[in-house]
Amino acid sequence: MYLREMIRRDPSTSWMTSQLVSHQLAESDDSKAPESLVNPTAGIGRAIDDFVLTDLALDRLFAAITKGLEPFDLLPYFTTLPQNFTTIRYRQDIASDLLVADNRLPILTFCECLERVELLLAAAEQARQPSGRERWLLDAVLTYTRGIESVVTHLGAASWSSAGLQGLQDALVMLSQANDFLQLSRDAESVASELESIDYHLLLEDNAITVAPSEDGARAGGYRDHLLSLFARFGDNSAQVISASPTRRSSTHIDDRILVILGRIFPDQFADLTAFSNTHQTFLPTWVASIERELVFYLAWIEEILALEGAGLPWVVPKLNRGAGQEHAEQIYDLGLAHDLVRNHTVPVTNQWHLDNDELIAVVTGPNNGGKTTYTRSIGQLYFMTALGLPVGASVAQLTPPPSVTTIFSEHEATDRVTGRLEEEIINLQHCLRDAQPQALLLANEVFSSTSVDDAVTLGRLLIERCQQKQVRCIIVTFVEALAAPAPAVVSLVALSDETTLERSFRLERRPPQGRALALELAAQYGLIGGAPND
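Heads up, the working numbering is the position in the sequence shown plus 3, with the first residue counted as 1.
If you're looking for bench data, these hints aren't it; they were derived computationally from the structure.
Where a beta carbon is used, it is the ideal one built from N, C-alpha and C, also for glycine.
Any given hint could turn out to be false.
[To be verified] Cross-link-like lysine-lysine pairs, in silico, DSBU-like; alpha carbons within 35 Å at most: (1) K322 / K70; (2) K35 / K70; (3) K35 / K322; (4) K473 / K322.
[Unchecked claim] Between beta-carbon pairs, the in silico distance windows are: (5) T285 / V176: 19 to 29 Å; (6) M19 / D173: 18 to 28 Å; (7) L207 / Q129: 24 to 34 Å; (8) S162 / D361: 37 to 47 Å; (9) I430 / S162: 51 to 61 Å; (10) E199 / S162: 31 to 41 Å; (11) G326 / S153: 23 to 33 Å; (12) N371 / S153: 56 to 66 Å; (13) S508 / S25: 55 to 65 Å.
Using the sequences and the accompanying hints, generate a full structural model.
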């Protein structure tokens, strides 16, 4: 949870109106800016409908992942699928680099530096005294320049395979060597040195506070030694003397008044502070805030994946098929379920997924409460995260990233509907198939269950035929086992249960339908029929 500990911004704020944006240089050399780490091409992504995210339980997962990171507005990144294969590979390379701890450290340091700058600038905005605002700004600039120099040093030890992060490193090196940056650093260090040289005394007597310059450095040190010797008589050798300094921030009217008096006593130093503030109100490149937001997007997902790994669950960056190809994944699991379970020190059952080159349709059958819907969700999540260019919940994965993911999950009949449930399902299917591109993914869960078996068979076969025509990959969860009959491009997956105890394993295998319904299982369990359900 380091990322959330590092981010301490007001959750009601937005990165677009952040202090980092407010203090951007009016004119910045965009030719020196790094490429976007999320969308390196000009292509527009495909926003996924809210109901799809809900059906896949990704809405709750993304909400949990982005909690505490609200100022960065990460949800558009998580809910928009790139439509460019090159972009997906580009993102995968960046994610792979950041999964290496030694590479992640300087990136976290960079983000932490910017967060401290953001907080210092926010404090400057809230300060009442001009000199207080100016000192907060100076500290923000010092944090920025020193932080960039430190990050550049540590980036030299990183090993990048991604063009995106290599481009960021090159941009930061170029920034640290730019004349404007070097002059900013020199100016900040010079003013800070002047302020640190100020030495003054506060005399508290009755209701009065007197501010006066120290007579000399030796005298000030003598007072400290004298006080320590006094405390030593009482056996408290750990006593410390607090020395007043202009780095102490205004928090009360007394502090404000002391700053005003110090400005009169040390006019030259405070004049230089004001001049620095007037000159360097804007000092940040225009790309800094957006790059930080993109890095937080990757880091938030990687933090989630590493938490699952800590509970014993695998993750992998999938191998990508460019176009149709064999689809395969092992030890897949429901990410949303895993997120909830690992916090209770348990993990979900894992499964596998496989389609050969000529296979498009998977028909899932089996008893109720056997894990069919959870399995279907996990497949949807698998392809969704692959299309985002991020690591997925699996030990091995080779997949074709879909241009879109669509779900049709059965709902209860609603009395306020103008159309019936069956008609609405057909309309939704017609809509998603009409616009579907090849290799798109459709998840149909218990559709046509509100009609007769014969009608469900007819409609199901029409759906399969339409998906084959459009080259849409489809998973159909159904009680109609006839749809799983051997056919071109169609495979049968069955949710398994114990033959004797009927206990659900929550595992699915490629095999013909079992020909056993929940009704018969329950009848056998309670003695309404004799023998096993297949008898």
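Outcome of the hint check:
1. K322 / K70: holds, 30 Å
2. K35 / K70: holds, 33 Å
3. K35 / K322: holds, 32 Å
4. K473 / K322: Holds - the C-alpha atoms of K322 and K473 are around 24 Å apart, at most 35 Å.
5. T285 / V176: 19 to 29 Å: holds, 22 Å
6. M19 / D173: 18 to 28 Å: Once the Cβ atoms are compared, 26 Å apart, the range 18 to 28 Å for D173 and M19 holds.
7. L207 / Q129: 24 to 34 Å: holds, 27 Å
8. S162 / D361: 37 to 47 Å: Holds, at about 40 Å.
9. I430 / S162: 51 to 61 Å: holds, 53 Å
10. E199 / S162: 31 to 41 Å: Given about 39 Å between the Cβ atoms, the range holds.
11. G326 / S153: 23 to 33 Å: Taking Cβ atoms as reference, G326 and S153 lie about 45 Å apart, which means the hint is violated.
12. N371 / S153: 56 to 66 Å: Cβ of N371 to Cβ of S153: about 58 Å, so the range 56 to 66 Å holds.
13. S508 / S25: 55 to 65 Å: At 57 Å between Cβs, range holds.
Hint compliance for this structure: hint 11 alone is broken.
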